[in-house]
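**Student:** Here's the letter readout for the chains.
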Amino acid sequence: SQTIHQWPATLVQPVGSPLSLECTVEGTSNPNLYWYRQAAGRGLQLLFYSVGIGQISSEVPQNLSASRPQDRQFILSSKKLLLSDSGFYLCAWAPDRIYEQYFGPGTRLTVT
Amino acid sequence: GIQVEQSPPDLILQEGANSTLRCNFSDSVNNLQWFHQNPWGQLINLFYIPSGTKQNGRLSATTVATERYSLLYISSSQTTDSGVYFCAVERNFNKFYFGSGTKLNVKP
Numbered sequence: 004s005q006t007i008h009q010w011p012a013t014l015v016q017p018v019g020s021p022l023s024l025e026c027t028v029e030g031t032s033n034p035n036l037y038w039y040r041q042a043a044g045r046g047l048q049l050l051f052y053s054v055g056i057g058q059i060s061s062e063v064p065q066n067l068s069a070s071r072p073q074d075r076q077f078i079l080s081s082k083k084l085l086l087s088d089s090g091f092y093l094c095a096w097a098p099d100r101i102y103e104q105y106f107g108p109g110t111r112l113t114v115t
Numbered sequence: 514g515i516q517v518e519q520s521p522p523d524l525i526l527q528e529g530a531n532s533t534l535r536c537n538f539s540d541s542v543n544n545l546q547w548f549h550q551n552p553w554g555q556l557i558n559l560f561y562i563p564s565g566t567k568q569n570g571r572l573s574a575t576t577v578a579t580e581r582y583s584l585l586y587i588s589s590s591q592t593t594d595s596g597v598y599f600c601a602v603e604r605n606f607n608k609f610y611f612g613s614g615t616k617l618n619v620k621p
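The listed protein sequences derive, respectively, from chains W and Z. Residue numbers for the first sequence follow this note's numbering, so the first one is 4 and each next one is one higher. Residue numbers for the second sequence follow this note's numbering, so the first one is 514 and each next one is one higher.
Simulated from the structure, these hints should not be mistaken for laboratory data. All figures in this text were calculated on a predicted structure; none of them were measured in a lab. Nothing false has been slipped in among the hints.
Short, incomplete list of chain W residues facing chain Z, as computed with Cβ under 8 Å:
1) N35
2) R45
3) F91
4) Y102
5) E103
6) Q104
7) G109
Just so it is clear, CB atoms sit at the ideal spot from N, CA and C, and this is done for glycine as well.
Based on the sequences and whatever the hints tell you, model everything.
**Tutor:** Shown next, in the form of structure tokens:
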């Protein structure tokens, strides 16, 4: 069966520091991968998606970037965090050409 | 993008009651999913239902794509059903749009 992992679970970072969040999927190949952000008490906003290694599409211009160095690895990064980057970050995967998403446990990021 | 509206925004039920959650969307979509977000933030798949009706235990869902809405039915609610229910639609491959959710509180 497929599983999706995210780490860290929680993170507190000062403004201006770098960020790296990692997501990995097991038990499948060539998945579509997604990064979402959820502000407190609100719905999810799609940030990035990837259909293959090195293929990244950005949905929202912002202070963040994403990379997919391996088939089942998706990384969310920032060079300098802003206070507005605080939130709950969720990674998801979907089988290729079947757009049914499965979510990881998420990372709670607080920028201080 | 597509507008996704969920209603009601908040719902309080007594254990054992039934409820219907609604998701309206502003344009045609390829896919639709319902999720339950538990108090720890985990999003749990409930239904993948671009059209038609599906049932899973006490939960069922119906999507009428031509009329741009979906309904989630919860019967005999339990305290463990508490959390936020999200509807998400997909259009133009990989562009997913979420509603703002229905927050459900089931009281014992």
